[in-house]
Amino acid sequence: MAFNQTKKLLLAAATATVLSACYPGAGNVVPDYKAENLIGIPLSKNSKLQSSTDEDSDKVVVFDKTIRKVHHFDLETSQHLGLFDVEQPEEDHFLIYNSGSNYFIDMSKRHVTVQMLSGETNKTTTKFVGTPISASYDGKQGYLVVYDSQQSVLIYKIDPQGRLVKQFVSGPVVDTLGTIQAGDIAGNGKLVLSIRGNADPATGTVTDYIIAVDIERTIADTNTQKILVFDAADKTAMTLTEMSWVAPVPSSPNLVMIRSSGKISLMDLTTKAISSLPTDDWVVEKYSKIKDPHIIFRKTYDFYSTMNGNVERRMYYVENGTLKTKIQTKNFNYILNSHLDLRKGQWNVTKANVVKEYDLYNAYNNDFFQGRSFTRIRLNDLLSIIDTPIDDKATVEMAGDYLFSLFPSDMGKATTLDIESNKTKTIKNFNIKYMK
Amino acid sequence: MKWILLTFICIGQMTLASTFIGNGGQTGDVELAVSLKQVRGAVERIEALKQEDPHKRYCVCPENYADHNLCEIIQKLTEDQKQYCDKFVLTQLQKLARASQTTQFEWVQSTMVNQNKIGERVVDAVAQKDKKLIYIDQEKFVDLTQSKRMFLLTHELFHMDTFDGKNLDDEDPIGPFKYQYGIRDLLNAAAAGITLTSIDETVFQDYSKYLSQSRSTRRHWVSLMSASTPLQDDRSTRFKTSMDHGARFSYQYQFPNLFNFGLTMHLQNQSGEKSIFTSTRIKQKTSTKAVGITYRYFLFNNLDPFNHFWNTFVQFEILTERLDTDFNMDDGYTNEESSTSSTSPAARISVYFPMKHDFWINTGVSFSDHKAYFQEFDYNLTSNGPTFFLGAAYGF
Numbered sequence: 001m002a003f004n005q006t007k008k009l010l011l012a013a014a015t016a017t018v019l020s021a022c023y024p025g026a027g028n029v030v031p032d033y034k035a036e037n038l039i040g041i042p043l044s045k046n047s048k049l050q051s052s053t054d055e056d057s058d059k060v061v062v063f064d065k066t067i068r069k070v071h072h073f074d075l076e077t078s079q080h081l082g083l084f085d086v087e088q089p090e091e092d093h094f095l096i097y098n099s100g101s102n103y104f105i106d107m108s109k110r111h112v113t114v115q116m117l118s119g120e121t122n123k124t125t126t127k128f129v130g131t132p133i134s135a136s137y138d139g140k141q142g143y144l145v146v147y148d149s150q151q152s153v154l155i156y157k158i159d160p161q162g163r164l165v166k167q168f169v170s171g172p173v174v175d176t177l178g179t180i181q182a183g184d185i186a187g188n189g190k191l192v193l194s195i196r197g198n199a200d201p202a203t204g205t206v207t208d209y210i211i212a213v214d215i216e217r218t219i220a221d222t223n224t225q226k227i228l229v230f231d232a233a234d235k236t237a238m239t240l241t242e243m244s245w246v247a248p249v250p251s252s253p254n255l256v257m258i259r260s261s262g263k264i265s266l267m268d269l270t271t272k273a274i275s276s277l278p279t280d281d282w283v284v285e286k287y288s289k290i291k292d293p294h295i296i297f298r299k300t301y302d303f304y305s306t307m308n309g310n311v312e313r314r315m316y317y318v319e320n321g322t323l324k325t326k327i328q329t330k331n332f333n334y335i336l337n338s339h340l341d342l343r344k345g346q347w348n349v350t351k352a353n354v355v356k357e358y359d360l361y362n363a364y365n366n367d368f369f370q371g372r373s374f375t376r377i378r379l380n381d382l383l384s385i386i387d388t389p390i391d392d393k394a395t396v397e398m399a400g401d402y403l404f405s406l407f408p409s410d411m412g413k414a415t416t417l418d419i420e421s422n423k424t425k426t427i428k429n430f431n432i433k434y435m436k
Numbered sequence: 001m002k003w004i005l006l007t008f009i010c011i012g013q014m015t016l017a018s019t020f021i022g023n024g025g026q027t028g029d030v031e032l033a034v035s036l037k038q039v040r041g042a043v044e045r046i047e048a049l050k051q052e053d054p055h056k057r058y059c060v061c062p063e064n065y066a067d068h069n070l071c072e073i074i075q076k077l078t079e080d081q082k083q084y085c086d087k088f089v090l091t092q093l094q095k096l097a098r099a100s101q102t103t104q105f106e107w108v109q110s111t112m113v114n115q116n117k118i119g120e121r122v123v124d125a126v127a128q129k130d131k132k133l134i135y136i137d138q139e140k141f142v143d144l145t146q147s148k149r150m151f152l153l154t155h156e157l158f159h160m161d162t163f164d165g166k167n168l169d170d171e172d173p174i175g176p177f178k179y180q181y182g183i184r185d186l187l188n189a190a191a192a193g194i195t196l197t198s199i200d201e202t203v204f205q206d207y208s209k210y211l212s213q214s215r216s217t218r219r220h221w222v223s224l225m226s227a228s229t230p231l232q233d234d235r236s237t238r239f240k241t242s243m244d245h246g247a248r249f250s251y252q253y254q255f256p257n258l259f260n261f262g263l264t265m266h267l268q269n270q271s272g273e274k275s276i277f278t279s280t281r282i283k284q285k286t287s288t289k290a291v292g293i294t295y296r297y298f299l300f301n302n303l304d305p306f307n308h309f310w311n312t313f314v315q316f317e318i319l320t321e322r323l324d325t326d327f328n329m330d331d332g333y334t335n336e337e338s339s340t341s342s343t344s345p346a347a348r349i350s351v352y353f354p355m356k357h358d359f360w361i362n363t364g365v366s367f368s369d370h371k372a373y374f375q376e377f378d379y380n381l382t383s384n385g386p387t388f389f390l391g392a393a394y395g396f
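Protein sequences, first through last, are from chains A and B. Numbered per our numbering, the first sequence spans residues 1 to 436. Numbered per our numbering, the second sequence spans residues 1 to 396.
If you're looking for bench data, these hints aren't it; they were derived computationally from the structure. Hints are not guaranteed to be accurate.
Estimated spans, in silico, between C-beta atoms of each pair [claimed, not checked]:
1) K283(B) x E312(A): 40 to 46 Å
2) T320(B) x G100(A): 23 to 29 Å
3) S242(B) x E91(A): 31 to 37 Å
4) T320(B) x T426(A): 29 to 35 Å
5) N380(B) x G171(A): 52 to 58 Å
6) S242(B) x Q141(A): 54 to 60 Å
Listed below are the simulated EDC-like cross-link pairs for lysine to aspartate or glutamate, each with C-alpha atoms no more than 20 Å apart in a straight line [stated by the list, open to error]:
7) K425(A) x E336(B)
8) K428(A) x D378(B)
9) K65(A) x E171(B)
10) K433(A) x D130(B)
11) K433(A) x E79(B)
12) K436(A) x D185(B)
13) K326(A) x D341(A)
Positions of the beta carbon are idealized from the N, C-alpha and C atoms, including for glycine.
One chain only, chain A, in its complex shape:
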């Protein structure tokens, strides 16, 4: 199986090389097999602790796959704060929570629920066909954009009391321009979407777009046509193509980072200025929007060199309004989660050192449960300053200065590792009173 996957990847790479030779000007580009093509951040089978733009969280909510309920923990005091039942406990659940909020958002197949931490539940009546696969959340504005497996775009507005006060549903096609490929809520409060353009009927030319949707006008009652509303000035025809990843830059509300065919670009939504760096024929290993967006490319798909640690990696990120890169030539094997904190000058990585699957591109902490470790790297010189193993079988999330592990324990066991002090606290038996 794994051998077939490798063969498939090599064959695909070879095919791409042949195809590029047949079409002059197309460039020597390896297909982006793990292109996200999502709005917001992907919802893995495990929880997300916070939205990409929020401050570090000292409290988390996490869906416990063992007892099929949601826990609320305080990482600083190592306390279990509460346990919440969910709709459709048998389904996967995806959570969004801002540490300062008095609610969290629980997404599962065909359902979005806002759960008050006080215990009260506000359920949405929205029925959609697919399963949520990604979401973007702006805790300050109360905007939640959910993208489902059927490419439906669902926009909610949640008031500070956790009520779903507005909701909007749209298909992926935008006007006559084309179809949504990727997007996110930018710092300016608009939903920035990359559009894979339709071919011009006369010339056959394909033009892709970036649009910035006015969320407030889109969800307003006056939007009787039920379409995504944006100003003409917020529609930009792009020279970039196949924009599969769009990430707002937290420090600059008008900047978005874009992954397109053969390039990483930085676009100013106001001036429309675009700066780009080539990605050659490297392949994407990791997309991450936490906390500062960054993409990690790997020079080769070659499994054996990866297994031996002989991997050249290049991280693209935005600092002070400029695209930058950092290069590693030899280090860990497979990246799982990657958090970049430019303010603290830290790059936090969870990684898998034991390889049992070849296909760990753009994987996450809890896609793999063996031989994992956490590494904190000082960004300016890539010095690894902390390296600590992660418990096998534990569902792991990074949250601020804590590494949180939830074990598949019926009775309840979790640990919080204070990364700086390397002290671990155990929270246990928090499920007992609910087990009767």
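Starting from the structure of chain A, add chain B where the hints point.
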């Protein structure tokens, strides 16, 4: 008999005597009832033998039992004495049968001394013809072998009637037994002859089986029973654990002459395990200790003691019960344990069915009022209903 002065000597205890009433309520009752049956059986058999062979001899050692210890009595006799003994046996048969029906028996729990013309001697039994009463040393009688019991009883029953118009007093000479204590030797020889004949004719063995019946008169009792589950989960939560493993042991001292009262002590260990959710193992252990008093009520007082259930009884127990219990939960990642104790009055009602060789089957129901709270689990257990038990007991 008028020369016999019966004395009960007190040896460190009060002199006690009690009447055999045949219901098995006292030590030795079954042995005495069996011996009486054996005497009557022997009389019937010898009557039959007399018809079959008028010349058959009874004061002889049967060929197959030549080394039986009763033979020593016969072997000392002269031929004249043996013939006189045979005549005596055949003559007295019906009187013996009648005496076995009409004589009263009284158990004596102290040493008996027979004081006569030539001094005192310790005896196992004493017959008083005028009162139609035989005193028997209870402890000694029980300790005798079956054949010795029959021999002793036959000897004493001969005293209850006359021979050739004369009372049969041990000290007197008679016939070829021309010396003091001649009658005693004659009665011994006749009793030995009848006993050996009944053994040889297997009449004796017909009643032996009744001796293997379990006796309620034992003083010490041990019992092993199924554990009585004192704690129950009223709400039937997922924590509810079936206490499948465990047993209850009890020791009981039964006072021999105190209106069927006794003292008892119980020890019980019980445990249960179960799995819940994906990997959680629950283990519950309970240890119970109890002391109390017992009272027995015999259900079938009027039954023939040879009926298998004649000494079936119901036992009532009032106990003070102390219960220590642990509740443990482990899922491979973490564990929690909680312990608690409870003291409560408890009651047990059980029926004891006799088996063989002093083994009993007992079954019944117990009640208690325990309350246990496992704080770490916020879990309550109470004893809110009867629990049933089944066990086996042994008396010794």
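Here is what the structure says about each hint:
| no. | hint | in the structure |
| --- | --- | --- |
| 1 | K283(B) x E312(A): 40 to 46 Å | violated (55 Å) |
| 2 | T320(B) x G100(A): 23 to 29 Å | violated (60 Å) |
| 3 | S242(B) x E91(A): 31 to 37 Å | holds (34 Å) |
| 4 | T320(B) x T426(A): 29 to 35 Å | violated (43 Å) |
| 5 | N380(B) x G171(A): 52 to 58 Å | holds (56 Å) |
| 6 | S242(B) x Q141(A): 54 to 60 Å | holds (56 Å) |
| 7 | K425(A) x E336(B) | holds (17 Å) |
| 8 | K428(A) x D378(B) | holds (16 Å) |
| 9 | K65(A) x E171(B) | violated (101 Å) |
| 10 | K433(A) x D130(B) | violated (84 Å) |
| 11 | K433(A) x E79(B) | violated (96 Å) |
| 12 | K436(A) x D185(B) | violated (84 Å) |
| 13 | K326(A) x D341(A) | holds (14 Å) |
Checked against the numbered hints listed earlier, the structure breaks hints 1, 2, 4, 9, 10, 11, 12; every other hint is satisfied.
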